[in-house]
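Trainee: With these hints in hand, go ahead and build the complete structure from the sequences.
For reference, the chains in residue letters:
Number of protein chains: 2
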Amino acid sequence: MSTTTPRVVTVIGAGTIGLGWVTLFLAHGHRVRVNSTRPDVEPSVREAVRLLAPGLPGAHPDPAELLERLEVVPDLERAVDGADVVQENTPENLELKQELFARLGKAAAPHTLLLSSTSTLLPEALGARMADPSRVLVGHPFNPPHVVPLVEVVAAAHTDPAALQSTVDFYRGSGKVPIVLRKPIAAFVANRLQSALLQESIHLVREGVVTVEELDAVVTNSIGLRWATMGPFQSFHLGGGLGGLRKWLTTLGAGLQKGWEGLGRPVLDEDTIELLLAQADDAFGAHRYDELVARRDRLQRTVLEALRDAETS
Amino acid sequence: MSTTTPRVVTVIGAGTIGLGWVTLFLAHGHRVRVNSTRPDVEPSVREAVRLLAPGLPGAHPDPAELLERLEVVPDLERAVDGADVVQENTPENLELKQELFARLGKAAAPHTLLLSSTSTLLPEALGARMADPSRVLVGHPFNPPHVVPLVEVVAAAHTDPAALQSTVDFYRGSGKVPIVLRKPIAAFVANRLQSALLQESIHLVREGVVTVEELDAVVTNSIGLRWATMGPFQSFHLGGGLGGLRKWLTTLGAGLQKGWEGLGRPVLDEDTIELLLAQADDAFGAHRYDELVARRDRLQRTVLEALRDAETS
Chain R
1 MSTTTPRVVT VIGAGTIGLG WVTLFLAHGH RVRVNSTRPD VEPSVREAVR
51 LLAPGLPGAH PDPAELLERL EVVPDLERAV DGADVVQENT PENLELKQEL
101 FARLGKAAAP HTLLLSSTST LLPEALGARM ADPSRVLVGH PFNPPHVVPL
151 VEVVAAAHTD PAALQSTVDF YRGSGKVPIV LRKPIAAFVA NRLQSALLQE
201 SIHLVREGVV TVEELDAVVT NSIGLRWATM GPFQSFHLGG GLGGLRKWLT
251 TLGAGLQKGW EGLGRPVLDE DTIELLLAQA DDAFGAHRYD ELVARRDRLQ
301 RTVLEALRDA ETS
Chain Z
1 MSTTTPRVVT VIGAGTIGLG WVTLFLAHGH RVRVNSTRPD VEPSVREAVR
51 LLAPGLPGAH PDPAELLERL EVVPDLERAV DGADVVQENT PENLELKQEL
101 FARLGKAAAP HTLLLSSTST LLPEALGARM ADPSRVLVGH PFNPPHVVPL
151 VEVVAAAHTD PAALQSTVDF YRGSGKVPIV LRKPIAAFVA NRLQSALLQE
201 SIHLVREGVV TVEELDAVVT NSIGLRWATM GPFQSFHLGG GLGGLRKWLT
251 TLGAGLQKGW EGLGRPVLDE DTIELLLAQA DDAFGAHRYD ELVARRDRLQ
301 RTVLEALRDA ETS
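Heads up: the protein sequence lines correspond to chains R and Z, in order.
If you read the first sequence in UniProt numbering, its first letter stands for residue 1, the second for the next number, and so on.
If you read the second sequence in UniProt numbering, its first letter stands for residue 1, the second for the next number, and so on.
Since the hints were derived computationally from the structure, they do not count as laboratory data.
Here the structure is a predicted model, which means the values were calculated and not measured.
Possibly wrong hints are sitting among the right ones.
Derived list of chain R stretches under chain Z, where covered just means 3 residues or more per stretch with a C-beta under 8 Å from a C-beta of chain Z [to be verified]: (1) 64-75; (2) 99-113; (3) 124-134; (4) 161-168; (5) 193-201; (6) 275-286.
Derived BS3-like pairs: lysine-lysine, alpha-carbon spacing no greater than 27 Å straight-line [to be verified]: (7) K183(Z) to K258(R); (8) K258(R) to K247(Z); (9) K258(Z) to K247(Z); (10) K183(R) to K247(Z); (11) K258(R) to K247(R).
Yeah, the Cβ is synthetic: ideal placement off N, Cα and C, and Gly gets one too.
Mentor: In structure tokens form, the structure reads like this:
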């Protein structure tokens, strides 16, 4: 399954994101060391790999075989000694992450890539207490990392171009689709887009146009389906008939801009929050959280596999 | 395949949307009359049904069998005489549509549902010149109607509740997922959400964070995949771990609102349009328009079929 050289990869943190990375890296042939402060880390990680491995899109690896390449290493310095890649998944606390990266900078070999799953912090900040932060990058996955292909890669002005290239190669070889941001921006790309759509979704529910459940049904039955197969620009290109994007932008651009001015600017006051929560409870409150998560991941894997089969058939 | 009583359905207009409706309605057992001003309408419609029928999700009807229930009726009054449902797909011109609906109101039997595919006009406006507009509704499909499940149903204050219910039943029985808007709003729901995401997409390209091609890849490999399987609210509920939507909205609501304030407000000036067009040309300019459309529809059908299989297995 691997298309890259097997590496020694240290995963720091054994929460949802960390465990997804562990499973993915193992499935792509890497040796994985897990470093975590959880007291029950060894049995937890082994159990998670057994649970998550069957969910890997397109792959049905034997969990027992994967677990042979897994090692739990509670000591941080020992965990990164000789590692090719470190992927850290600690809480979004700048102080703690800066401290962690300072230790990593001292403990890891000079070629080791130091990657962070952070969704909010930039590599400049992460590496601020390091003598040489040139191999610190953000590699922000979408949850769960073993299913959803995207990883947003963010470098800094001080990043070594070779480290950036190695990071991209490493992720691609591990089955991910890495997209390198050309400049840093708060919240990166996917979460900003998600936030823009959520803002209008909340506006429409607040205005009483649709309920939470109806809004979700609109999306899965139209734009969600479409955006699983092609992005918004290509969709837009094909949405207006012959003439495509050029026709849209040159003859209908004013209407597009006017539409933006009419979009909602909801306020998340107490009434809005209670309205959303009551409707969300009606929509999916009767389902257990872990069952909804399992369903999401199963359906996402289903879509990915179907699309890959269709593209290669 | 049909779960509804077969009806006589008159489709007015034989462009992309009209032809998609024709194929869908035929596949669900209805008798379909096509009314169009196109001179070549008879051979065009028959050719379109042959081309589109194999693309119907989950169905593989024999086009020859479908065509037995198709009739081209160039005279409008004759086309709607005895019809149970009219679905009109004429250009987005209020004057012309008002004139059309006035004629339909006189020509159609009192029980006939008068439905418009319009993406911009409200039923009040469409029926403004009719003596009795109580059975005029918007039934706005997503392109192409024979593949994408959503139809947004918009009623007016004067709409007969029985006509609304019949409309919903008719669409549901024809394989669609009808969502009734609880109040009218400009551009309806799906296109407003699409517009919100497109606004931020254009901002990110304009700012040089990603290219058109990279933006599209981010979406298909993350939020598009996700929103094909569940809507934004349920995604959000599952995105923050245990505690779900309540935790997000009550403890992180301020951050969410702050994120909205940082979203882009791009201007569609000439430089922006040229930048988008040049990058779009790099991304998909080498592909023929009709091939991209065919690929989109094939992949959308693939996703729908895979999800339906997964949900029923």
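Trainee: Now, for every hint given, state plainly whether the structure supports it.
Mentor: Here is what the structure says about each hint:
1. 64-75: violated (count 0)
2. 99-113: violated (count 0)
3. 124-134: Per the Cβ count (0), the hint is violated.
4. 161-168: Our answer is that it is violated, as 0 residues pass the Cβ test (under 8 Å) against chain Z, missing three.
5. 193-201: Holds, because 9 residues of the stretch 193-201 of chain R bring their Cβ atoms closer than 8 Å to Cβ atoms of chain Z.
6. 275-286: It holds: at least three residues are needed, and the stretch 275-286 of chain R offers 5 whose Cβ sits within less than 8 Å of chain Z.
7. K183(Z) to K258(R): Distance of about 21 Å is within 27 Å: holds.
8. K258(R) to K247(Z): violated (35 Å)
9. K258(Z) to K247(Z): holds (17 Å)
10. K183(R) to K247(Z): violated (31 Å)
11. K258(R) to K247(R): holds (17 Å)
Violated hints for the displayed structure, listed by number in ascending order: 1, 2, 3, 4, 8 and 10.
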